[in-house]
Amino acid sequence: MKILVVDDEQDVKLLFQQRFRKEIRNKELHFAFAFSGEEALTYLGELNHEAVLILSDINMPGMSGLELLEQIKKNFLKPPPVVMMITAYGDKENYDTAMRLGADDFLTKPLEFGILKEKLKALL
Amino acid sequence: MLSPNTHWNKTLLWAMIGIAILFILERTLPITIVTNWIWHLLILGIGYLIFRLPQLERMRTIVVAVLPLIIINTIKDLLKIIYLPLYEQIDNYLDFAIVFSIAWMIAMLLRSNKQNRALKKERQKTLAEEERNKFISAQKEKLELIVEERTAEITKQKDELMHAFTELKNTQSQLIQSEKMASLGELTAGIAHEIQNPLNFVNNFSDVNTELIDELSEEVEKGNLDEVKTIAKDIKENEQKINHHGKRADAIVKGMLLHSRSSSGVKEPTDINKLCDEYLRLAYHGLRAKDKSFNATMKTDFDKSIGTINIIPQDIGRVVLNLLTNAFYEVSAFANSSKEDLANLASSEDQYKPTVSLSTKKTKNGITISVKDNGNGITEKVKEKIFQPFFTTKPTGQGTGLGLSMSYDIVTKGHNGKLKVESEQGKGTTFTISLPLEQKT
Ligand SMILES: Nc1ncnc2c1ncn2[C@@H]1O[C@H](COP(=O)(O)OP(=O)(O)O)[C@@H](O)[C@H]1O
Ligand SMILES: [Mg+2]
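So the sequence lines, in the order shown, correspond to chains A and B.
Each residue of the first sequence is one higher than the one before, starting from 5 at the first, in the working numbering.
Each residue of the second sequence is one higher than the one before, starting from -17 at the first, in the working numbering.
Please keep in mind that the hints were generated in silico from the structure rather than gathered at the bench.
Note that CB positions come from ideal geometry on N, CA and C, so glycine has one too.
Hints may contain errors.
[To be verified] Taking lysine to aspartate or glutamate pairs in the EDC-like style, the calculated list, with each CA pair at most 20 angstroms apart, reads: (1) Lys26/A / Asp12/A; (2) Lys6/A / Glu122/A; (3) Lys17/A / Asp189/B; (4) Lys335/B / Glu71/A; (5) Lys26/A / Glu197/B; (6) Lys78/A / Asp108/A; (7) Lys113/A / Glu32/A; (8) Lys26/A / Glu193/B; (9) Lys26/A / Glu406/B; (10) Lys121/A / Glu43/A; (11) Lys335/B / Asp100/A.
[Unchecked claim] Counterexamples of contact, computed for chain B against chain A with all Cβ distances above 10 angstroms: (12) Arg40; (13) Val46; (14) Phe187; (15) Glu203; (16) Val248; (17) His267; (18) Asn318; (19) Pro371; (20) Phe372.
Bound conformation, chain A alone (with noise of 0.2 angstroms):
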């Protein structure tokens, strides 16, 4: 299963992948990038119904985070994608939002990536 991770920030690919590096040399977690949510559609799109979970951040230029939720929650419903929201505003405004948007997790920046491998070791 793949890991779409989608935020402006260009880093946050190389973050990722020095943070996972062990996980990734292992093959035991798979990651893929975007950097708009209009190119996370892009690339789900032409994902043939692969399994995919996605961790998108909230405050982008363009389509926001919550956005793509929505358009993802809407138009890709086989196998249904799991999404995590991740923000710096974690206020209640937003995580209600994303939960009513069909969210299946939300986390605050800055990340715990000592939490976030456990979640996702114990999603896959």
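Following the hints, position chain B with the ligands against chain A.
Here is chain B with the ligands on its own, set in the frame of chain A:
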């Protein structure tokens, strides 16, 4: 004219008494010959006096009129005494001369009379004129008094106004300072958020490197040279990221200081797109941090060919920030007001999406920066006033009404540019800053 003074009065009295005595003597005693001479001498004396005394100048014409008669009479009497036969011989001629001199006298008197009348008229005229002048000067004096009073009043008013003006200026600069502080307050939240991201990277990459260094020594012990090389390369790469994001945080702090500091007033080549991007982030996150429910889509359209332009970066930055803050405020207020209307709409696609767009463009002789929102727009009536200081439609505490007036001054006075607004009711508003390429220094 004789001035009626006592000296002359007295003299005339004595003269009159003298004449009366002479007259009586002449009538009572046979001394006509003597009195005749006295008369002659008196008349000649009067004539002489009239010609000598400047006060009597006006009588001269009369003297001239009667002089021939006097002279002839005198000669007649003189001849009577000196040489009687000659007198008798020319008596006829003398009588003739007397007739002539009488005629002369009449003519002269008539003339003098006419002259006198003309003089009188003239005098009346001068008198009237004097009267008028007097009146005018009195009026003038009155006027001067009034003017003086008014001037004093005006000076007092001016002083009061000047005082009020300086007070206003002080208040204004205080308010500007507070507007700056308010926008700084908005910024700090945005800045905190902006710093958080690079800081997260610094912390994370540094954590990763700590792990990698441990691994490195393990691999060295194992003698796994290839692995050592890869790890060393990763460490270096991470180190570069730490450095990069450290600098990024640094730049943000510097930008914040730049904003809080008063304007340097110095124009320097500035990357407009970078400046706009920075302030867009700051404005967005600033509002976001203040009002958690706030959310809006940001769109940017930057003209890459724009390059740098000479501006005072913190001033133009402040303008962009003001326009963005206004736009974000407007769309989120509009979203809140239309939430109820739209709550029952089934599809989210029909829902109002608060959107603020920031675009830059290179033009023929300058650049433009546009801030567009899809808020409720500005009515014509409000539009007339938005650039006035202290005009605000926001509730107390939320608006100072100084943002746009300050922005206007910065753009027009500080940069020879223009700040224009276009708005359509219910559709939104676009503010456009135009800056000329050539900045006058
Ligand atoms: N984008 C906008 N849409 C609608 N109204 C606006 C917009 N920008 C400014 N205004 C109007 O102009 C007024 C003055 O703005 P400003 O000078 O920035 O002061 P303040 O924001 O403190 O009210 C605002 O109160 C608002 O009525
Ligand atoms: Mg404002």
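Results for each hint:
As the CA atoms of Lys26/A and Asp12/A are separated by approximately 25 angstroms, the hinted pair breaks the 20 angstroms bound. Restraint check for Lys6/A and Glu122/A: the C-alpha separation of about 16 angstroms stays at or below 20 angstroms, so the hint holds. Under the criterion of a C-alpha separation no larger than 20 angstroms, the hint pairing Lys17/A with Asp189/B is consistent with the structure, at around 16 angstroms. Using a Cα cut-off of 20 angstroms, the hinted pair Lys335/B and Glu71/A holds, with the two alpha carbons roughly 11 angstroms apart.
Proximity of Lys26/A to Glu197/B is assessed by CA-CA distance (about 11 angstroms); at most 20 angstroms being required, the pair is judged to hold. A hinted pair counts as satisfied when its Cα atoms are at most 20 angstroms apart, and Lys78/A with Asp108/A qualifies at roughly 14 angstroms. Between Lys113/A and Glu32/A the alpha-carbon distance is near 24 angstroms, which puts this suggested pair outside the 20 angstroms criterion. For the hint linking Lys26/A to Glu193/B, the alpha-carbon distance of about 11 angstroms falls within 20 angstroms, and the restraint holds.
Distance hint between Lys26/A and Glu406/B is unfulfilled; the C-alpha atoms sit about 57 angstroms from each other, more than 20 angstroms. A distance of roughly 24 angstroms separates the Cα atoms of Lys121/A and Glu43/A; the hinted pair therefore is violated under the 20 angstroms criterion. Proximity of Lys335/B to Asp100/A is assessed by CA-CA distance (about 18 angstroms); at most 20 angstroms being required, the pair is judged to hold. For Arg40/B, the condition that its CB be more than 10 angstroms from all CB atoms of chain A holds, with the nearest at approximately 111 angstroms.
Every CB of chain A lies more than 10 angstroms from the CB of Val46/B, the least distance being 119 angstroms, so the non-interface label holds. At the 10 angstroms boundary, the C-beta of Phe187/B falls inside the reach of chain A, the nearest C-beta of that chain being 7 angstroms off. With a cut of 10 angstroms on Cβ distances, Glu203/B stays outside the contact zone with chain A, its closest approach being about 18 angstroms. Val248/B, annotated as away from the interface, keeps every beta carbon of chain A farther than 10 angstroms; the closest lies near 31 angstroms.
Residue placement check: His267/B does not keep its beta carbon more than 10 angstroms from all beta carbons of chain A (closest about 8 angstroms). Listed as a non-interface residue, Asn318/B keeps its Cβ farther than 10 angstroms from every Cβ of chain A; the least gap is roughly 12 angstroms. For Pro371/B, the non-interface assignment is confirmed: its Cβ lies about 34 angstroms from the closest Cβ of chain A, beyond the 10 angstroms cut-off. No beta-carbon of chain A comes within 10 angstroms of the beta-carbon of Phe372/B; the shortest separation is about 33 angstroms.
Taken one by one, the earlier hints fail for this structure at numbers 1, 7, 9, 10, 14 and 17, listed in ascending order.
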